[in-house]
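Listed below, chain by chain, are the residues.
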Amino acid sequence: MKEKDTVGASIVLSGNEAIAQGAYEAGVAVASGYPGTPSSEILAELSRYGGIYTEWAPNEKVALEVVLGASFAGTRAMATMKHVGLNVAADPLFTAAYTGVLGGLVIVNADDPDMHSSQNEQDNRHYALAAKLPMLEPSDAAEAKLFLKQAFHYSELFDTPVILRVTTRVCHVRGIVKIESRETLSITPGIQRMPEKFVMLPGNARKRRRDMELRIQQLKKHAETCPENRIEWGDKKRGFITSGISYLYVKEAFPEASILKLGMVWPLPDDLIKKFAGSIDEVIVVEELDPYLETHVRALGVSCKGKELISPVGELSAASVRKAVLGPVGQQSIFDAVPLPQRPPTLCPGCPHRALFYVLSKLDVFVTGDIGCYTLGALPPLSAMDTCVCMGAGIGNAHGIEKALGVENTIGKVVAVIGDSTFFHSGITGLVNIVYNKGCSTVIVLDNRTTGMTGHQHHPSTGRTISGEKTKEIDIAALCSALGVEHVVTVNPNDLEKTEAVIRLEVNRREPSVVIAQAPCVLLPDMKALASGTRVISRTENCKGCKACLRLGCPAIEWLPWSDEQIPQGSKQKGISCINASLCYGCGQCAVLCKFGAITRTEAIDG
Amino acid sequence: MDKTVSILICGVGGQGILLASEVISGVCLKAGYDVRQSEVHGMAQRGGSVISHIRFGGKVYSPLIDPGTADFVVSFELLETLRYMHFAHEGSTFITNTQRILPVAVASGAVDYPKDILVRLRALPVQVIALDAFSEAKALGDARMVNMILVGALSELLPFGGELWREVLERRLPAKILPANMKAFDVGRAFVKKK
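Chains as they are written, first to last, in my numbering: chain R, 1 to 607; chain F, 608 to 802.
Check the hints yourself; a few may be wrong.
[To be verified] Residues from chain R shown here face chain F by an in silico Cβ test under 7 Å; the list is partial: (1) Thr188; (2) Pro189; (3) Lys251; (4) Leu340; (5) Pro341; (6) Leu550.
The hints are simulated quantities; they were obtained by calculation from the structure and are not laboratory data. Predicted model, so just to flag it, every value in this text is computed and none were measured. Every residue, glycine too, gets a C-beta built ideally from N, C-alpha and C.
When you get a sec, could you build the whole thing from the sequences and use the hints?
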């Protein structure tokens, strides 16, 4: 349980922590979500506050449906997810716009411009426009808390879910936030039958659709004067229309300029925009990603500059905004850029995924992949992933390839891989499809007993809830069997030989099969303790320089090249491999690969 | 102090850069400054190159340090110092750990680790403070304390008293590891003081 900060104190919080604090202050009763960078810490943090029900849902659609239910019951509720998560939750989202709410309902949606940890950088402001849902967009942590509380207020005032749109540089930027007390709410929770509002049969939905238009008109009017939208008058020769994080870059680059800061990005305040533009000689719209604001501003007949100056790709910065507007200015860096070895993210030393991908690489199968740490299996030297699209896609992809090319051409050549948390998120339906439609794909579930990439969140088969309470542990093998998969095998991927044999057998079956490659993430606290007793020792005098161990791509295995003088006469050996003890976890995968006794393991992990 | 001070911290995922950043920004707040600190999470962290931006002053807007504007570059790994040196300007101070963590491409023998990094740095119009924080941390009993040694080194150069730093460390670190980390902090601080 979290030690609560003193009311009135100013503390440094990340945007995500500020949103959690805001949810607490807003009197949220129920919060649900699925982890996804950059949103993950919101719910994790909120789960540490007492008196609020929080949960990890198996996916974002479920999370949104849960919080909509909580709203129907008259309590304030919040869902959290990353941008692509809202695609999954889009189905309930669009109709929740029709039902409206009883208790305030806010969807916190975190976009990831520049794809720090995402497969695309879609601009989710379009969702507000498409689903007709008000959207607030804060610029920093303090505003994130303020706007979230305001969003709950608007949700109840206008009978609508509200989206709080944040981006990576709001979620993961720390700033000063003032702690306030928890609100006391006036709504009494309870079961309320309101079929005309909650049952979206066409007859009811048509009426609600007309009500929505009324609500939109009210919101438009509100947007003209709401405190989230404001003009900061300055130099009127050049004025900026901006929102979110871009506002801070504009402020940094052009502190003297006039700015129309839009905190409510749907619906937009037409009159306010026209009033602002009317007093400014040159209007420039500064926004990350799509010309969302710009399109609206232009449609109002306001002449402005936007994407012809500001890149629609990736993140902005004060420097990039300055350069876009003024052209290249200032002195060149005194430091010459030099080509350097890249340092991409890698699977950790000891990661069980490495063993599995080593085997897949050796078998040279086409691997339809998925989203998680294991996507790093695509990088050299493993290079053992051939597709990665979205959560759950690998299973459908494998089936599609088989149906397109015919089983004769794909048998033994294609496998799908998916993580354990991802399997629950959206893998199960893909597997149902394979069984139902007579496919014979092999699906490998990389079961590392956690949601690794996003920071070790629990999921339906870890046996613990978000707050660490014990719960039922859903058995992946039993689930697959119940779906009609007749060949379900569990292996420890660290056992390279057995894993290879199992996969070889399963991919050649003319029936669906599931291989559960099960070994816990080595970063889990229990695993760290286990590892302390294990050592891998390199006996470099035995090393023949064959580089077999280097094919694992483990950061703890280092190649020490010999100088010309060191190479013995007539020898083909060019150096030796060496284990870096400070990085080695002791998994022993390399020891299995070494045929010369140059790498040995002193103690078994389970010994 | 009206002028915004920018501190870039760089290194390799897993080196404790985020905790170090949190401590530094906590001290800036306690000293009465506006502060923003930006970092990355998720895939970017997995053993990859990591940077964190800290900016403090009277009023700070952008949370990101633009290239050519970092007053301090605190690097947890030698190669990463080179990767992010374009963030510095003439007269900047570099505090760099001399530890080398090999990127996989280097470890596997595909490319070489750049040579003479410190020589290249010292040829520039900047102040360079280089220390082997990894060995120091190991000597203190835990290699993970590299971060506190480097925070200690930086602390000596920022306009905040030692007490403020200790107060924030006490609040932020679990009691179990506090004494050792405090020692690590002092080692870093003393290293710079000596110079």
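Hints, one by one, checked against the model:
The restraint placing threonine 188 of chain R at the interface with chain F is violated, with a minimum CB-CB distance near 39 Å, outside the 7 Å limit. Using the Cβ-Cβ criterion of 7 Å, the hint placing proline 189 of chain R at the interface with chain F is not satisfied: the shortest such distance is roughly 35 Å. A hinted interface residue such as lysine 251 of chain R counts as satisfied when its beta carbon comes closer than 7 Å to some beta carbon of chain F; here the least separation is about 4 Å, so the hint holds. Given hint, leucine 340 of chain R at the interface with chain F, holds; its Cβ is 5 Å from that chain's nearest Cβ, closer than 7 Å.
At about 5 Å, the closest approach between the beta carbon of proline 341 of chain R and any beta carbon in chain F falls short of 7 Å, and the interface hint on this residue holds. Checking leucine 550 of chain R against chain F by beta carbon gives a least distance of about 5 Å; that is within 7 Å, so the hint holds.
The structure is inconsistent with the numbered hints 1, 2, although it conforms to all the rest.
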